[in-house]
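**Student:** Sequence:
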Amino acid sequence: MRMWCRMPIPALLLFAFWLLPVAPLITPSTLTIQSVLLKTTASIRTPRVDFTSMNFASISRNSSAPIWPDFQMSYLGPQFHVQKSVQGSLVSGAIMPIAPPGPNSTWSLDFLGPALSCKAMGNSESLRNDIITKLYSDLDFGETQYLSWVPANGKPWAPETISVTPEDSSPGSSQYDTTQRAYDRIERSYYLNNTYLLQCTLQNASYGATFSYINGVQNVTLSTLGTWNNVSYLDGFTASAEESANASLNLTSVQTFAYQAVMDTFASMLVGSVRWGAVVGSGGQVVAESTSMPITDTSMATTVLLQAREMTNVTQLLTSQSDLLATVQWVGTSVYQDEPATQSMAELMEEMFCNVTISLMSNVALNPNYTSPFAPPNATVQMWMLQNLYQYTASTLWITYGAAIGLSALSVLVGATVVLTERAAYSTCFSTLLRVANNLYLPISLKLQDTTGQDPLPRHLSSMVVQFPPMIDFSMAEKAAAGNSWNGKEVTALLLDRRGDQITITEELIKAAANNEGNGKEVMALLHQQRPESFAVSITKKSIRLHPHVVN
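Throughout the sequence shown, residue numbering follows mature numbering (1 follows the signal peptide of the UniProt record, and there is no 0), covering -24 to -1, 1 to 528 in sequence.
No lab work stands behind these hints, which were simulated from the structure alone. Virtual Cβ for every residue (Gly too), placed ideally from N, Cα, C.
With a cut-off of at most 30 Å between alpha-carbon atoms, the simulated DSSO-like pairs for lysine-lysine come out as follows:
no., residue 1, residue 2
1, LYS487, LYS423
2, LYS95, LYS110
3, LYS60, LYS95
4, LYS497, LYS487
5, LYS455, LYS487
6, LYS423, LYS455
7, LYS497, LYS455
Label pairs and their calculated CB-CB ranges:
no., residue 1, residue 2, range
8, ALA379, PRO(-15), 17 to 23 Å
9, ASP273, GLU101, 25 to 31 Å
10, ASP273, VAL193, 37 to 43 Å
11, TRP204, PHE47, 24 to 30 Å
12, VAL12, GLU398, 51 to 57 Å
13, VAL193, ASN170, 40 to 46 Å
14, THR393, THR17, 57 to 63 Å
15, ASN205, SER19, 28 to 34 Å
16, THR480, MET440, 14 to 20 Å
17, TRP204, LEU52, 24 to 30 Å
18, TRP204, ASN364, 48 to 54 Å
Hey, can you work out the whole structure from these sequences and the hints?
**Tutor:** Now the structure itself:
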């Protein structure tokens, strides 16, 4: 404290530097951080569906066309890319995950794609009565709860083309024996009054879809803007191949093949039946009866179609316990899954097909080839990210950071004042500390001006080597011992024996021995005996002239 009082200006500088780190460590209370959205808009490529792609349908080429180089393209069925997307959407009951251009992004698309138009047939429609009559005449082997089929020709609703045998639920027409069987039949009036018949048509529709992703969570808003035309089944079409190997294909026919591939996969999950009653063989005989569990030959139960209001009885039938299991003693209780029935079957079928159409975008193989002339344009995508926004009161910040600026300016001012008053600059280098320290042994003698510690470091001190612990200079002790007229010989012998490697025979040492009138001759003889080479070099003409009695 006394030193600070004697040196107020350096003390003030030191105090200012102590307070300088306080400002960045203590944040003003008025500083708040808010997250804001930073939005950007770009025209980039997004996942889409290319219905002109040949990756939808499996196609065979028949070169036996009437006129060369024409050939016949025949439809065989859907490819596995379509099956993977369609079946995944039907089982999950949602749109398959689509890879967005960014975790937080949104864009809109308008495009043409396949859609289903479903309607319930009224009780007064003659076609409905004809179909039920056909069902009643053929299904004489039990109670049918669910039946779905897909037509195979251009007359899908003609009664004579309906396949109603559960073992043959695939498209086509068959002949059935209408002979009365022994199994109990359900009254025709029951079928007429309690059958829900749904008619669905494949159409070419205009879609409007808005894709929104927030932190990677997908949300798709979908709507159909209108329909263009019904899509009829197409077995094949004629194409032309020139010598350049580039085929000339009908674009509408290629799109029809793609629509058919989607529809075939969709229908394959729904065709079949669920029924109570007998198992009928190929000859029409009842080969088994099922009164405890339903007989199913459809994958419909793996889809969300069971959530339709009209499917309540079928759901209860499929989830019920058999009579045999009801009599088994078991301490466990099975979970009963009651699917919510909120939509009609027509609405649910249309929604399922829309989800299927959008889910096609999740498969890269069904995306557009942007080198193709049919490639769609880029979409306008809006992306955003969270960024920190700092809000503060300027006056409060000026108080805190202004104090820091003031202390910094004061430090510079005080430091400049010290340099001007002292007319020198100082640093905290190790060499500075050695120069200003007192009672510190150094191998080189310091001049008075060197002890101030001012910068720069003197050149004659820059090559100084400091050892810890410091090496003691025994030359002064040896010089004193050589000039001791009482016991100089004994002390010199002891120093040469113990510290001989640190003693150098110098001219000063020879002079001290020469001035020793008591035993200088013995000391000189001892030095000559121990260090003959150094002794000869150190004797000068001046020493011989001044002390001839000792040198001789």
